[in-house]
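Each chain is listed here by its residues.
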Amino acid sequence: MASLTACKKTLEEKYNNPEQSAVQSIPSFFTALLNSDRIRPAYWNIRTMLLPHTAVYSQTASFINETNVFRQSDSYTGQYWADFYYPAGNGSGPMALYRQMETTFNSLDAANQASSQIFMQAAKVQLIDQASQMVDLWGDIPYSEAGSLETSQTIKNGNFDDAKALYTSFIADLDAANTFFTTATTNASFSKQDILLLGSVDKWRRYTNSLRLRLLMRISFVDEATAKTAVGAMLSNSTKYPLMDGGNVGAYNAANSDALLVPLTTNNDNLNSALTEIGSYYATDVMLNKVMLPANDPRIPVMYDKYGATVDGKFVPNKTYRAMPATYTSGQTDTAYTKYAILDSVTFIQNKSLPGIVFTSAETNFLKAEAFERWGGGDAKSTYETAVTQAVYFVYYLNGVSTGKPLTPGDVTPFLASSTVAYTGTSTERLAKIWTQKWLNFGFLQSKQAWAEYRRTKFPVLTFTTTGKATGFETPPTRLIYPIAETAYNSNYSKVKAKDTRLTKIFWDVK
Amino acid sequence: MTCKCSLVLLLVFLANAAFAQITVTGTVTDDVGALPNVSVTIVGKSSGTQTGPNGKYSIAADKGAVLKFSAVGFKSKQVTVGDNAVINVQLAEDNGQLSEVVVTAFGIKREAKALGYSASTVSAKELTEAGNTNFASALYGKAAGVKLNTSPGGASSAVNVQIRGLNSVNYNAQPLYVVDGVILRNTGQGGAGGLNNGGFYDDQRIRGNGILDVNPEDIESLTVLKGASATALYGSDAIAVVIVITTKKGVKGKGLGIDFNYYGTLENAAFLPDYQNVYGQGYDRATNLSVGAQEDGTFVDAASPAGWRPNFRAYYQFGPKMEGQQVRWWDGSIRSYSPQPDNYKDIFRTGYSSLANVSISKQTDDLNYRISASRLDYNGIQRESNQKKNTFSLNSTLKLSPKLSVDLVANYVNTITHNRPYLTNRLAASFDGFFGRNEDVNLILDKFQTTQGYKWVPFNQTARNPEEAFIFNVRPNLYDYFWTTQVNTYDENENRLYTSATANWEVVKNLKLRGRVGNDYTGKNVEDRQFNEYPTAFNGGTSTGAYTVQKGIYSIVYADALLTYSNNLSKDLEFSASAGFTTRSERYNDQSSGTSNGLVLENFFSLNNSTGIINASSTRQELTKYGTFGVLNFNYKNFLFLEGTARQESASTLPPENNSYFYPSVNAGFVFTDAFKSSVPSFLSFGKLRASYGVVGSPASLYQSNILYALRSLQTPTGSVPQATLGSSNYGNNFLMPEKKYEKEFGLETRMFNDRFGFDFTYYDNRIKNIILNLPVASSVGANTQIVNIGEIGNKGYELAMNGSPLVGRFKWQTRVNVALNTSKAYSLGQNIDEIRMYTAEGNAIKVLVSPNEKMGNIYVNPLKTDANGNNVISSDGFHIIDNTRYVKAGNVQAGVTGGFSNSFSYDNFSLNVLVDYRFGGQLVSSPQKYQLGAGMFKSTLKYRDSENGGLTYYINPSGEYVQIPVTQTAGPGGEKVYHDGLILPGVLENGQPNTKIIDAASYYPTEFDASGNANNMDGAIYDNSFVKLREVVLGYRLPSKVASKIGMSNLRISLIGRNLLYFWKTLKNLDPETVIGSQWYKQGVDEGSLPATRSYGFSINASF
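Those protein sequences? They're chains V and X, same order as listed. Heads up, the first sequence is in the numbering used here, so the first residue is 34 and it goes up one at a time. Heads up, the second sequence is in the numbering used here, so the first residue is 2 and it goes up one at a time.
These are calculated hints, taken from the structure and not from any lab test. Cβ coordinates follow ideal geometry from the N, Cα and C atoms, glycine included. Be aware that a few hints might be false.
[Stated by the list, open to error] Straight line, CA to CA, 30 Å or less: simulated DSSO-like cross-link-like pairs of lysine-lysine:
id: 1; chain 1: X; residue 1: Lys322; chain 2: V; residue 2: Lys528
id: 2; chain 1: V; residue 1: Lys538; chain 2: X; residue 2: Lys866
id: 3; chain 1: V; residue 1: Lys502; chain 2: X; residue 2: Lys978
id: 4; chain 1: X; residue 1: Lys249; chain 2: X; residue 2: Lys448
id: 5; chain 1: X; residue 1: Lys998; chain 2: V; residue 2: Lys41
id: 6; chain 1: X; residue 1: Lys826; chain 2: V; residue 2: Lys189
id: 7; chain 1: X; residue 1: Lys770; chain 2: V; residue 2: Lys347
id: 8; chain 1: V; residue 1: Lys530; chain 2: X; residue 2: Lys126
id: 9; chain 1: V; residue 1: Lys41; chain 2: X; residue 2: Lys513
id: 10; chain 1: V; residue 1: Lys528; chain 2: X; residue 2: Lys126
id: 11; chain 1: V; residue 1: Lys42; chain 2: X; residue 2: Lys813
id: 12; chain 1: V; residue 1: Lys372; chain 2: X; residue 2: Lys404
id: 13; chain 1: X; residue 1: Lys513; chain 2: V; residue 2: Lys502
id: 14; chain 1: X; residue 1: Lys890; chain 2: X; residue 2: Lys940
id: 15; chain 1: X; residue 1: Lys770; chain 2: V; residue 2: Lys189
id: 16; chain 1: X; residue 1: Lys322; chain 2: V; residue 2: Lys502
id: 17; chain 1: V; residue 1: Lys197; chain 2: V; residue 2: Lys528
id: 18; chain 1: V; residue 1: Lys42; chain 2: X; residue 2: Lys448
id: 19; chain 1: V; residue 1: Lys532; chain 2: X; residue 2: Lys866
id: 20; chain 1: V; residue 1: Lys502; chain 2: X; residue 2: Lys940
id: 21; chain 1: X; residue 1: Lys525; chain 2: V; residue 2: Lys530
id: 22; chain 1: X; residue 1: Lys57; chain 2: X; residue 2: Lys856
id: 23; chain 1: V; residue 1: Lys502; chain 2: X; residue 2: Lys741
id: 24; chain 1: X; residue 1: Lys322; chain 2: V; residue 2: Lys532
id: 25; chain 1: X; residue 1: Lys126; chain 2: X; residue 2: Lys1067
id: 26; chain 1: X; residue 1: Lys770; chain 2: V; residue 2: Lys502
id: 27; chain 1: V; residue 1: Lys41; chain 2: X; residue 2: Lys866
id: 28; chain 1: V; residue 1: Lys189; chain 2: X; residue 2: Lys856
id: 29; chain 1: X; residue 1: Lys741; chain 2: V; residue 2: Lys189
[Claimed, not checked] Partial pick of chain X residues on the chain V-facing surface, computed with a CB cut under 7 Å:
id: 30; residue: Asn474
id: 31; residue: Thr620
id: 32; residue: Pro657
id: 33; residue: Tyr704
id: 34; residue: Val778
id: 35; residue: Val782
id: 36; residue: Gly844
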C-alpha cells in the first residue's frame, strides 16, 4: 500500500511542468506586461506590422509599389491583435496579464491589496495606451468582457465594445489614475519592477495625463465640446494635470523626460533586416523632399544617408540628400535606388539601442499647440516651436544612444524661421504645420500614431499611386479588417460584421 | 524519481519429474527446400526446439508424444512419435497468412485460432525482400487497414502510419510500437506537437521518427493488433493500435548459423511536374509596364546581343517565347534564352542506399543467441545530404533451470545524419522561390557561392564583391536553398540503446510468472554550422553565420510483471487467468546553445565566437504511467474462445483528481467449422466468427493541462528584474479527464478449397468520447486555445483480406488482396461549436474542418459565383468572381479506400513478387500547385496563350477594349497591334447577359489562381488524390541447394528489386500523391512543398552459411 501511495505522489509531482512556476506575483506580472516587443522596435513588429501596414498608409517609410502593397496581411495583423490579448509571441499580452493581475489581486487580503494598488493603476494606464491603439486600428474591439480565461478559466466570448464608448471610458479611467497617482507613493518593489519609468510616480502621472490629452485631441473633431472642456481643464491646471512635456524646454533631455522602454542590456538586434527586406529603408518622398529639404531641417544628416553607387570598386556617394518619387515602379526602384538617400544607419538601421517610444514631450507640446491654436488658452506659437525643437533633439537623442556620443543639433533658430516651418499663415496653415511636424516626429517607429493622426487631420497631404494595384485594394484602407483569429471563433462578430470593411472610418475620422 | 512499486511474489518450490525419452531427428522442408526456424514442440509440453539452417532438428520425446511443427507463413503439422526416430516433414505454405501463433499484448502468445479480434501478421521475408530501409515503409499494402505515408526524403524521413482512422483531433496518434515487450520511443510521446506540421514557418527539415531505428533484418515477425480489445492491455498509448514486433532469436543447428544479407539501390527524383517549355519569365502586359519593363516583359538592354534581356525578377512565365535569343544574364554573361526542361530535376542528384547485415546465431540446450550487425549508408537526392546507421543487436535466451529461463535482448543503434533533407517549401510555396523556365540550374549551382566561399552577392550589395555581384535582381530562394543545403552543415549524431530482460518462471504446474524490465535510451547531439555570408568587414551592427549545438537525452524505463494460472476446469473447458502490473517512466531532456547575431570571427565555429549573448535553453519533461490489469480466458472444446480484460491505469499527465481510470474489454472467437463439423460444406476447411468490445482510456500529453506561469529574468540597465507571464498560449484545465474510446468489432475468417482460397473480413465501429481537444478560441478570450474535454468522434469501417493460390505445382501463383474502407466522423463538438479549423489556407478561402455530424477533415472552399441557373458569373472586366460569402464542400483530406494487391509467382528457383497498392477517394489541398498554375509554370497553362493553343486573336481599341478579329488579320482597323492570347470565360454577366469580354491569358492565369482567397481555389488548390501504384517488384533467384552447398552456403538468393516504380494511374498531374510530410492527420492531406518523390531500383543478396 505504501508503494502505491508513493506512486500516486509521483504522479502528482510530475503533473506540473518543472520549467514553470505556480506562484502568482502581481509585481512580476506587471513587469511582463511592460516588457513588450510590440513597444520596443523589435524585428517582427517593425517588419510585419508597421512597415507593410501603418508606415505605408502614412508614408513614413518607403515601400515598393507592388500590386498588393495596400492589402492587409491577415496573419501579420492577426498576430498583432493576438499579442494584445495574450502573450502570443511578440507582444506582452497586456489584456491577459491585466486580467490575471486582477484575479490575483482579488485573492489578496486588504493589506496586500493596498500595496499592490500602484501596480494595478500603472498596468491599467499601459493597458489603455495599447487598447486605444487597437481602437485606432480596428474601431470596436472586445475590451470590457475580454480575457475570460484569465478571469474564470472558462471560455466566454466578449462583446465588441463600441469604439467611441471605449474612448470615453479610457479618458475617464485615465483621470481616475491621475487622481490615484496624486497621492500615491512608490515602494521598493514598484521601483524595481517598473522597467518603463523606474518607479517614478511623477512620471506615471505625466504619462497618464499626456496620454489622456492625446485621446481627447483624437476625438476633438467628432466631439469638440467634450474635448475642448476637458483639455481646457487640463491645460489650465498644470498642478492637477502635470504633463510629459520636457519642462517645456526645447533643448530637453529625452532620456530624462520621455516615456521610453529602453532595450534590455542583452539586446544585440537592430532593424537592419526589418528595414532592408521589403525595401523600407529608402528616404521617403514627402518627408525628405517636400518637408525637410526646403526647411534645411537639422535632422537630415542624422536621419538619412546620402548613399551612392560602387563604381569600379569604389564607393561614390551621392552629392545631395534626395528621395525617390513615391510614384516609382518596382523596376525603377531596382535600377535607380543608388542615386537616392536611405535611412541613417547609426540612428535607425544599425541602432541596437533604439528604445520603444511610448510617449514623447514633443507630442505633448504638439497636442497643446493644436489646442491653443483652436481654442486659445495659451501661446500656440511658442508651444509649437518648443515641440519642433524637442522633436529635433529627440532624433539627435536617438542617434546618440547608438554611439554613446550624443550630438547636439546646434542653433535651430534659422530652421524655425524657414518659411515651411515658421508658425505663420492662416490658422488652417498653422494647424497644417503642427500636424505635419508631428507626423515627421512620429516617423515609421510611431507610424500607428502617424496613421491615426493622418486620418484624423488629413495632413500632411499624401498621394498614393493607384495604378497597377489589385482590384479593391487601389488605395490604403481607413481601418484594418478584423483578423480571422478573432472572427472565426467570437460569436459576437456578427454584430460588427457590417462595419468590418477596409474603408469604414474610425469614429474620430470625420474631416 | 522512479516509481518503486513491487509485486508480492509467491514462493513455491519446484518439482521436477523425469520421463523415459528417445531422440527424434529429421528434416523439415517446404516444396522448395529445407526450412530453417521451424518451431518443433511437443504438444502439451513447454519444451521445444527449432530447425537449423538446413532444416534439421533434434528433440527428445516420449514415444506416443505428438510433435508439432510450426512456422510463420506455414500451416502447422502434427506427427505422433512412433518407433521411427527419424521424422521428416514437409510443411505447406499457409496462404491465408494466418500464422499459428500470434504474439499479443504483453508478449502473450496465443493461437491465431483463439483470437476474438483482428490481428494481421507480416512475415520477416515480406519486410525485407524489397530493400526497404525501415520496416514501416515495407508495410505498404501488406496488412488490411494500415495506411502509410513515407515522407519524401528517404531513409532519414519519418513514416506515418494510420490504422482504422482517427483517434484524436489534435494529438498525433501514431500506433504504439512494442519491440520484444518494451515500448519503443516514437514521435509525439515527448509532446503533443508531432513533427513537420507547421508549414511555411515551421522546421524546414524533414524529421525522422523512432521506428526508423528498428532494423528490418532483425525482425522475426510483426503483428498489427487492431481494435480496442486487442489494445486494452497496453493502455492509453495503444489507442491508435499496437504493432508488436518480435526480433529474431538463435536457431538450432550444427555449429553457428551465419546469414549475410545485402542490398543496394539507386534512387532518383521521380514523378516531377509537367512543366511548359515555351515561354520564359515575364508578367502580363500591364504588370510588365508597371515594373518598368516593356509590354512583352523584357527590359531594353543595349549590352544584350538581342537588344533586350529577360526580367529575372519575374515569378510568372508569361514572357517572350524562348527561342535561343542571345541575352545578358543576371551574372553579366551572354547566354541563350532557351527552355531548360530539366531545370527542376537538376536541383537534385542521384541518391543511393546500401545495407549490409551479418548475423550469427546458435542454439544449445541452455543457451540460444543471435547477434546481428548492420550498416546502412544512405545518400538522399538532396545534394550533400547523407545518413549512416550502424545497428547491433543481441537476442539471447538463457535456460537457468528447466523451470526458469531468461531472455536478454539488446539493440544498439548509432545514426549519423549529415544535412538532414531540407524541404523545398521555399521553392514551391513562395514566389521568391520561383525561377524561370529559361533558368539553367547548373549556372545557379555554379554561382550561389562566390569564389571566396561567401554567399552569392545580390545586385544591390555590389560593394561586397564588385566582380561577382549579380548585375540584375533575381528571386533569391533557390540560391539561398543551395547555400543552406550545401554550404551550411547540420550534423546529428544519435546513439540509442534499447534493451529488455525477461524472466520466465514456471512456479508450479499451471502457474507461471514472468517479469520484465526494459529501457529505451537515446543520446543525441546536433551541431549546426551556418557559414558567414559575406566578409565581416561589411557587417552592420551584427554579423552573419551561426553555430548551435543541441543535446537531447530521452529515456523510457519500463517494467512489467505477469502471473498466469491455467488449468482445465473440465475435459472440455480450459481456463487461464492472468494478473499483471506495468509501469513506465519517460524522461526527455533537451538543451540547446547557440550564437546570436552572427559570428565575430569568420567561420570559426565555437560558442565563444558569438556576437551577441549566447542563446541557451534547457527543458525537462517527465511522465509516469502505471497500470494493473487482469485477463481471463476460456476455451470450450477448442472451438469457442472467450476472453475478458480489465485495466486500471494512472497517468501523471492528468490533473491529480482525474489521473486514475478503469476500462474493460471482452472478446470471443467461435470456430463454427469445428463446432458443426458434420453440417458445414466440405469445401470449407476453416471458419471462425469473432466479436469483441472494448474500452480504452487515454490521457493528455505532457504538461498540457497544468496552469502555470513562465518566469524569466530580464537584464535591464538597472539590474536583473523577474517577470512572470502566462505559461502557454494553450490555456490549461485542472479539471481535464481522460478521453475514452469504445470499440466494437466483428469478423469472419475462412479457408476453403483445400486452403487455396480464404478471406478475413472485419467490421468495426468505435466512438471516442470526451475527446481531449485544444479548442481554438477567439484571441480576446485570452489564449490561442484551451484544452478541454468536448465532443465525440468515431470511426467505422470494413477490412477485407483475401488470399488465393490460383496456381499450384511447379509454376505457382499466390495472390493477396486487401481492402480497407474507413469513415471518420465527428458526432458532436460541444455547444455552439460549428467547426474547428484544423487548417486554413489562402486567406481562409480554404478550410479543413472538424464539424459536428460530418466526416472529419472535410475541405470547404469559397466557390466561383454562380447565378440561379448555375452559370458562372463573370465580372465586367471579364474574370470569374469569387463568392466569399459562402463555402462549398470540396472534398475530404482522408482517403476512402486503401489497400494492396500482391502477387507472388514462382517457377523452380525463380520467384517474382509484385506489390501494387492503391488509395481511392480523398483530396489534397495544395497552395503551391495553385501558385504555379497562376505563374504559368505547367504545360496545362499553355492553353489560350497563342493561336496553336486556342488563343483568340484581337486588337485593343482606343478605349482599351479587346476586339476579336480573324486569326489571319495582322493589324487592327486603325493599324493597332494584334495579339493571339485572348480567351472568353463562359458565363453570364451580373445582368444575366452572356459574357463576351475578351481577356488575355497572361492576366487570366495570375488572376484566376492568385495567391489569395480571391481566386479560383476550388480548381487551383484542391485536387483528387487517388492512385494505383506499382510499389515493389522483386525478381529473385535462389541457387539450388546443391550448388549453394558447393560454395559453402546453405542458401543463396539473388534478387533484383525496384520500389516506387510507377503509377498505373493517378489523379494528380504535377505532384506526387505522397508528397505530404506532417505527422498530424490533417497535414496528411495538405501539400506545402516537400522534396520530390523518388524511384529506386537495385539488387539484393541473401546468403546463409
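| request: Would you mind confirming whether the straight-line C-alpha gap from Lys197(V) to Lys528(V) stays at or under 30 Å? | output: Given pair Lys197(V), Lys528(V) holds - Cα atoms ~16 Å apart, limit 30 Å.
| request: Given the hint that Lys998(X) pairs with Lys41(V), test it: the Cα-Cα distance must not exceed 30 Å. | output: Given pair Lys998(X), Lys41(V) is violated - Cα atoms ~75 Å apart, limit 30 Å.
| Quick one, are Lys890(X) and Lys940(X) close enough, alpha carbons at most 30 Å? | Status holds; Cα separation ~28 Å.
| task | Sort out whether Lys448(X) lies within 30 Å of Lys249(X), counting only the CA atoms. | result | violated (52 Å)
| message | Check the hint pairing Lys770(X) with Lys502(V) against an upper bound of 30 Å on the C-alpha distance. | response | Given pair Lys770(X), Lys502(V) is violated - Cα atoms ~51 Å apart, limit 30 Å.
| query | Keeping to a limit of 30 Å between CA atoms, is the pair of Lys525(X) and Lys530(V) held or broken? | reply | violated (52 Å)
| query | Do the alpha carbons of Lys41(V) and Lys866(X) lie within 30 Å of each other, as the hint requires? | reply | violated (61 Å)
| Satisfaction of hint between Lys448(X) and Lys42(V), Cα-Cα up to 30 Å | violated (62 Å)
| task | Quickly compare the C-alpha distance for Lys530(V) and Lys126(X) to 30 Å and report which way the hint goes. | result | violated (63 Å)
| said: Is the interface hint satisfied for Val778(X)? The criterion is a beta-carbon contact with chain V at less than 7 Å. | reply: OK, holds: Val778(X) within 7 Å of chain V, min 5 Å.
| said: Would the hint linking Lys770(X) and Lys347(V) be met if the CA-CA limit is 30 Å? | reply: Judged against 30 Å, a Cα distance of about 72 Å means the pair is violated.
| field | Proposed proximity, Lys813(X) with Lys42(V) (alpha carbon, max 30 Å) | value | violated (62 Å)
In summary, the numbered hints that this structure violates are 1, 4, 5, 7, 8, 10, 11, 12, 13, 18, 21, 22, 23, 24, 26, 27.
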